[in-house]
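Which chain is which? The protein sequence lines are A and B, in order.
Those letters in the first sequence? Residues 6 to 390, by the numbering used here.
Those letters in the second sequence? Residues 35 to 232, by the numbering used here.
A hint or two may mislead.
Distance condition first, Cα-Cα at most 25 Å in a straight line; then the derived BS3-like pairs of lysine-lysine [unchecked claim]:
id : chain 1 : residue 1 : chain 2 : residue 2
1  : B       : K56       : A       : K96
2  : A       : K164      : A       : K96
3  : A       : K96       : B       : K122
Rough simulated footprint, nothing fancy, chain B against chain A, three-plus residues with beta-carbon under 8 Å [stated by the list, open to error]:
id : stretch
4  : 158 to 170
5  : 186 to 193
Calculated directly from the structure, the hints in this document are not laboratory data.
Please read these numbers as outputs of a predicted model, since none were measured by experiment.
C-beta: ideal position from N, C-alpha, C; glycine also.
In case you want the letters, here they are:
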Amino acid sequence: MYVRQLQVTDFRSWAHADLTFEPGVSVLVGANGQGKTNLIEAIGYVATLGSHRAPTDAPLVRHGSTRAIVRTAVVNAGRELLVELEITPGKSNRARINRAPVGRPRDVLGVLRTVLFAPEDIALVRGDPAERRRFLDELLVARSPRYAGIRGDYDRVLKQRSALLKTAGAARRAGARGEELATLDVWDGHLARHGAELLAARLDLVADLGPHVAAAHAGVAPESRPVEVRYRSTLGAALPDGYGVPGGGRADPEALADALLAELGRIRAQEVERGVCLVGPHRDELELVLGEAPARGYASHGESWSFALALRLGAFHLLRGEGTEPVLLLDDVFAELDRRRRERLAEVAAEAEQVLVTAAVEEDLPEKLAGARYEVRDGEVSRAG
Amino acid sequence: MYEGPVQDLIDELGRLPGIGPKSAQRIAFHLLAADPADIGRLQDALQRVREGVVFCEVCGNVAEQSICRICADPRRDPKLVCVVEEPKDVLAIERTREYRGRYHVLGGALDPLSGVGPDQLRIRELLNRIGTDEITEIILATDPNTEGEATATYLVRLLRDFPGLAVTRLASGLPMGGDLEFADELTLGRALTGRRAV
Ligand SMILES: Nc1ncnc2c1ncn2[C@@H]1O[C@H](COP(=O)(O)OP(=O)(O)OP(=O)(O)O)[C@@H](O)[C@H]1O
Ligand SMILES: [Mg+2]
Ligand SMILES: [Zn+2]
Numbered sequence: 006m007y008v009r010q011l012q013v014t015d016f017r018s019w020a021h022a023d024l025t026f027e028p029g030v031s032v033l034v035g036a037n038g039q040g041k042t043n044l045i046e047a048i049g050y051v052a053t054l055g056s057h058r059a060p061t062d063a064p065l066v067r068h069g070s071t072r073a074i075v076r077t078a079v080v081n082a083g084r085e086l087l088v089e090l091e092i093t094p095g096k097s098n099r100a101r102i103n104r105a106p107v108g109r110p111r112d113v114l115g116v117l118r119t120v121l122f123a124p125e126d127i128a129l130v131r132g133d134p135a136e137r138r139r140f141l142d143e144l145l146v147a148r149s150p151r152y153a154g155i156r157g158d159y160d161r162v163l164k165q166r167s168a169l170l171k172t173a174g175a176a177r178r179a180g181a182r183g184e185e186l187a188t189l190d191v192w193d194g195h196l197a198r199h200g201a202e203l204l205a206a207r208l209d210l211v212a213d214l215g216p217h218v219a220a221a222h223a224g225v226a227p228e229s230r231p232v233e234v235r236y237r238s239t240l241g242a243a244l245p246d247g248y249g250v251p252g253g254g255r256a257d258p259e260a261l262a263d264a265l266l267a268e269l270g271r272i273r274a275q276e277v278e279r280g281v282c283l284v285g286p287h288r289d290e291l292e293l294v295l296g297e298a299p300a301r302g303y304a305s306h307g308e309s310w311s312f313a314l315a316l317r318l319g320a321f322h323l324l325r326g327e328g329t330e331p332v333l334l335l336d337d338v339f340a341e342l343d344r345r346r347r348e349r350l351a352e353v354a355a356e357a358e359q360v361l362v363t364a365a366v367e368e369d370l371p372e373k374l375a376g377a378r379y380e381v382r383d384g385e386v387s388r389a390g
Numbered sequence: 035m036y037e038g039p040v041q042d043l044i045d046e047l048g049r050l051p052g053i054g055p056k057s058a059q060r061i062a063f064h065l066l067a068a069d070p071a072d073i074g075r076l077q078d079a080l081q082r083v084r085e086g087v088v089f090c091e092v093c094g095n096v097a098e099q100s101i102c103r104i105c106a107d108p109r110r111d112p113k114l115v116c117v118v119e120e121p122k123d124v125l126a127i128e129r130t131r132e133y134r135g136r137y138h139v140l141g142g143a144l145d146p147l148s149g150v151g152p153d154q155l156r157i158r159e160l161l162n163r164i165g166t167d168e169i170t171e172i173i174l175a176t177d178p179n180t181e182g183e184a185t186a187t188y189l190v191r192l193l194r195d196f197p198g199l200a201v202t203r204l205a206s207g208l209p210m211g212g213d214l215e216f217a218d219e220l221t222l223g224r225a226l227t228g229r230r231a232v
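In isolation and in its complexed conformation, chain A is listed as follows (with noise of 0.2 Å):
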């Protein structure tokens, strides 16, 4: 697939911009905080309802205004959709496709599928376990749309979950009976349920990707000691054997869903006397490997990087491999990487369907990165070969 036009108004510094794209390649050039990343990150939105730099809505519009609209025109095996966003911080916002109003801004998931690399993803190696889940989950939905829709449950449940461990562990340390924990069994139920749906795509995922990100690794760090993704649950020891390892079972959810509420059971007093939540998919690891060693703490910078450019690119070939074809988006990443694994990214890049790279200045892209080049200067954006 590709983005064949992005209109945006009111998006971040741009009052309004409209491009239009081929397939290949198109690098965005311009100086530090000309509006580049901006419409990647648009883009980005798109396909994720999400920035991948901003954990809420609100620095999505610009100065002034109450909502941005973000437009793509999604080519994908010849046939063109319309996304249309509107983007209101505080409120819920709304989504068209081919002007028609969807149900629900979810429903646009799947029209754009993207990876994106950017100067952040080095928090995917370095940053909380929070920064992997979320990579994970955002590949599940790029996998299959239907994920954002459980994970959105499994949130909400785990909310309401939590709300109730805590007035229910403070009404037990002010002396209460605990009639609060009446419907306990109830919740618990409903968070095992969604949980092991959640458990069982992200296990199938880390067993179908590991292979992918290893590849990915070797290529574009030849002389580095070889990487490993590992799963680790909140389940330990009772999760099945060969869940989440590659050429393991595919994970069931109903195994999984016996075994949650099995160990929430088992650690129900602690739970209730911490007032939080402390099994589930919430709570998991996405274990990074590098030789013998975790990378978190361990990895030197380039080492990082070239892991978490492993992953992006692994997620990439995954995609591909399963009959999507991902439109690669590369912010501002050359600048960061070697020589030799700004080869290899550039290599990857030339194999996609469309790669729309930002670069502050021409000499940070590799000489083989060819293909169409826009310049982006005072608010706007000119066609510059």
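Given the structure of chain A, go ahead and fit chain B with the ligands onto it with the hints provided.
Chain B with the ligands only, in chain A's frame:
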């Protein structure tokens, strides 16, 4: 910003659910231009709800007298009770014209985040009704979202203990994460006729 009472009116309207700043403004200026008699009727209606809405003693629906029209109607099947969250859900189901039984309005759903547990809902009243009336089937028609599903699960657990009582749940097909009120009549009617034992 407008001056004085106009802005106050816009602010008040904007506080209402489903009304954004633009709609609030539109409604406010509509009211300013409206016939005084229309405004009078609106004022009266607001005054009357303020003085106290009556809730049906049996089902908890909003009513004009102590027993609502549906509970008082001898043609409605007393063996069948449909459990909903809010009075607006009663209206939604009535619009389908598929249902000839009675209702029980819980007054919400389990929602620990808002401090709503079983004691804040009309669950004890439901159990009392089942204990004394000739009810043979309970249809759980809570919203198809997280809180509604949890409430249905909780009720299933309580209602299992009544011998001979059938408990059913609206058939799926309702948009998940939704609100009964917004389901179209056809879908809701189908969900009702296709209900399943739980
Ligand atoms: N909500 C907003 N409203 C107005 N301007 C904004 C908003 N958010 C960001 N900006 C402006 O956008 C500019 C940054 O844009 P962007 O990150 O796209 O730059 P860039 O071209 O990618 O630069 P670099 O080469 O440094 O990465 C900054 O000048 C910032 O002040
Ligand atoms: Mg940038
Ligand atoms: Zn009644």
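So, going through the hints one by one against the coordinates:
Distance hint between K56 (chain B) and K96 (chain A) is fulfilled; the C-alpha atoms sit about 13 Å from each other, no more than 25 Å. At roughly 20 Å between alpha-carbon atoms, K164 (chain A) and K96 (chain A) fall within 25 Å of each other, so this suggested pair holds. Taken as a hint, the K96 (chain A) and K122 (chain B) pair is honoured in the structure, with Cα atoms around 23 Å apart against an allowance of 25 Å. Interface restraint, the stretch 158 to 170 of chain A with chain B: holds (8 residues with C-beta to C-beta distance below 8 Å; minimum three).
Counting residues of the stretch 186 to 193 of chain A whose C-beta lies closer than 8 Å to any C-beta of chain B gives 5; at least three are required, and the coverage claim holds.
The earlier numbered hints are all upheld by this structure, with none contradicted.
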